[in-house]
Structure formats: structure tokens, C-alpha cells
Amino acid sequence: MSLRLQPVQVATNSDDTESQLVFADGYLVAVLVCLSEQHEDEAGKWFL
Amino acid sequence: MVRMDRQPVVLLAESDAVIGMDLSDALERAGYRVLGPVNTAAEALRLLVQEKPTIAVIDVILKDGRCTELAHTLRRLDVPFLVHSGSQQDERLASEFQGAAWLSKPALSTDVVISVNELAASALAQAAAVRPPKLDTTANPLIRKLEGFTTLSDGDRVILARISAETRLVAPGTDLVREGDKPEGVFLVMAGMACRHKLRANGARQIMAYLVPGDLCDLDVVLLSRMDHTISTLSNCRVARLAPETVVDLLENHPRITRALRKAQLVDEATLREWLVNVGRRSAPERLAHLFCELLVRLEVVGCASEDAYELPVTQVDLADTTGLTSVHVNRTLRELRQKGLIELRRGRLRILDLPRLQALAEFRPDYLHLGDQAAA
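Protein sequences appear in the order of chains A and B. Everything in the first sequence is counted per numbering that gives the first Met the number 0, starting at 0 for the first residue and increasing by one. Everything in the second sequence is counted per numbering that gives the first Met the number 0, starting at 0 for the first residue and increasing by one.
The hints are simulated quantities; they were obtained by calculation from the structure and are not laboratory data. Treat each hint with caution, since some may be false.
[What the hints assert, rightly or not] Across the chosen pairs, the derived CB separations fall in these ranges:
1) B:D180 / A:E17: 41 to 49 Å
2) A:T16 / B:K181: 48 to 56 Å
3) A:T11 / B:V17: 40 to 48 Å
4) B:V316 / A:Q5: 26 to 34 Å
5) A:L47 / B:N252: 51 to 59 Å
6) A:D14 / B:R199: 28 to 36 Å
For glycine and all other residues, C-beta sits at the position ideal for the given N, C-alpha and C.
Generate the whole structure from the sequences, applying the supplied hints.
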């Protein structure tokens, strides 16, 4: 299985916008959103 | 039975949870009200701010380290303490523990109780003048809640005040009764917030109800052989446990109280239906808005909310497990509600800034709480 990431901006209605589309063998399987400072301890983590 | 207003209070700080529970049970059987058990000095210090115990039982080392500050604080507050510790006896020479009664761990719980009895007897003799205020029935959340459902007599109020008097303080995150346990009485929350929940094997938790002051868990639960869910505290709580025979006496001999309790039970079921709609058919902002509107009404009835604000001692994870959302989604949604000028949630206190708009968002109608329709009772 090969994974490919594609940077994208997601409208989450929050400060969390920097995101990655995750493709597995050409199929979209996940959207990862990077948590912004508004999440304090969780900031910088990826939300599936 | 030891009366509430004469009941000596023991602060129990013990790093081992099992020993803590064991000692707590033994002390309660001996007629003490136990603050804790807590396993950190920080928690013990926090309890000390809320209430000064008659005596304390502490360990030298707690989960957050050596309890030097705790020992000093107890001395400053003039609270005699017993050290129950597995630490070397030469610790006794350390200044903060000098002259304190000492038992080597593990001591028999009966020995701890005997030592506590001795300490308490001398402490109570010295402080005979200090007594907590008399029970005020108008401030009793159980009475306030049931009076919302039916008219009670003075006799009813006295009985309710009596059964709710023997409370114990329980730390946040404590299971009062676990799924699978045999129910041994009915819990009554007198202060703080608790919840009913189910825990999946993968650690996922669904909270099915909040129990606020005045809430009685499952009137007829003793008819069941096993609990089908767990009841845990979310914040520091003051909880009373009603023995099965107390409940039977209420149901057989006090018709007005029984009617009010049965109505409370129906309201619990109606509330559960609203919560089911919440997780099944409402959006994230609507779910939180509905919960906040409901809690305002419920807490106002029992005197725990002002007209637009109340203590909400729950974490975002608790809110997530209540509303079937992730904590990330809860965080975003709270922010959205704040930005719309609907609420303000700061340091465990929720202020509703625009109640009509929050109610409109949630389509909240308080009918299902059946307050004030006494005629039907």
C-alpha cells in the first residue's frame, strides 16, 4: 500500500485549517487536520 | 447512629487506592465522615480549603511526592494527624512529623480506627465549642427539587433533611457504583456533579446522565441484582447513600415523598429521551446548547445557579463523552458558541450570555423537566 499526502485547507469553522488529504493507492482514505493553538495541549497534533 | 452535626471528620491522604478505600470504609463504619481518600498532597490541600477536618490520617509520601506542606498546613490549622506510612521510622525525626502519632504501614484498619478514635476524642474535647450550623431545609437541594414536583409537609421535610444529612465527600472521578456490582442502596448527590456512564472495552465512554444536587439515583435499584451501568463523580461531590430499608420506609410510609420521587423518576426518563435526540439528531452546537439550557433549569431549581450562570465542573472530554463528539469538536464548538455571543465558559463556570438565542438554537423547551406542574402530581 502506498500513501500519498496532499496539502489542503479545510474549513472547520475554527482556526484549524492546515490539513492533509491522505490517499492510499490512489483512493482518498483520510483527512488529517493540524490542531491550532486553540487546542492548547493538543496543538500541533493531527485530528483524523 | 452518629448524627451529622456531631460527626467528626477525617481527612484521609493515602497513596495506595486500595488501602485508601479500605481505611475509608473502616472509618465510616466507625462513624466518621471521611474527606477523600485522596492520593496526592495537592488534592488534600484543596479539600482542606473547603472544610477543616477534625483529624487527618496521612502518609509521608503521596503520589505527588513528600507531603511536607500538607503536614505544615495541618499543624497551622491545628488539625491533629496520624501518620500511617511504610517509610522508615527515622522519618519521625523530620520536623514536620515530630510528635505525630505514627503507625507503620500496613497497619490493621482496626488499629488505625483505634488511633483515630484516641486522636479525635482529644481533639473534640479541645474544640467542643465549634459546631457546624444547623441544617437549613430551605437550602437542601433534595427538598427543593421535590418541592418543585409536589407540596411537602413539615414532617416530610424533616425526614428528607434527615436522610440526606449523612453525606461524605467524594473526589472527582470516583466510581460510586460500577456496572456489574450488586446495588446496595440509593445514592443521593447533595453537592457537585456525578454521571451515569458506560465504558466500552476500547476505553470509549458514553455519559447518559448528569446527576446534580438533589438527584437520587434509581429509586428501585435494589430490585435489580446487578448494576447495568456505572455511576461516577465528575467533580468533588457530597454524596449520601440511602440504605434499602430507608428507601422502603419512604415508599411505604410517606406518600407525598413517594409521589415526588416517582415523578422525579419519570423526569429522569424524559431527560434521557432528550439526550437520545441530542446524540442522534442534533448538530454539535445544538447538542451543547441543549445541555447548557437544561442544566441551567435543573441547577436553578436546587439553588445552584443564578439566573444566567452556574458552576460546570466538567472537562471538555466529559462534554465530548456526554454529547457523542470528539473533544476536538467540543473545543471548536464551544468556541463557536462563544464567538456568537451565546456563552462564556471560564474556569469551570458557565455564563449564558443570551438565553433566548441559546434556547432557540437548541429548540429547548423545558416541558420535559415537568417543573411547576404540581397539579398533575
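Right, here's what the structure says about each hint:
The hinted range of 41 to 49 Å is satisfied by B:D180 and A:E17, whose Cβ atoms lie roughly 47 Å apart. A hinted range of 48 to 56 Å for the beta carbons of A:T16 and B:K181 is consistent with their spacing of about 52 Å. Between A:T11 and B:V17, the C-beta spacing of about 44 Å keeps the proposed range 40 to 48 Å intact. B:V316 and A:Q5 have their C-beta atoms about 31 Å apart, which keeps the hinted 26 to 34 Å range intact.
Evaluation of the 51 to 59 Å hint for A:L47 and B:N252 yields a pass: the beta carbon distance comes to about 57 Å. Under the hint 28 to 36 Å, the C-beta atoms of A:D14 and B:R199, about 31 Å apart, fit the expected range.
Every hint from the earlier list agrees with this structure, and none is contradicted.
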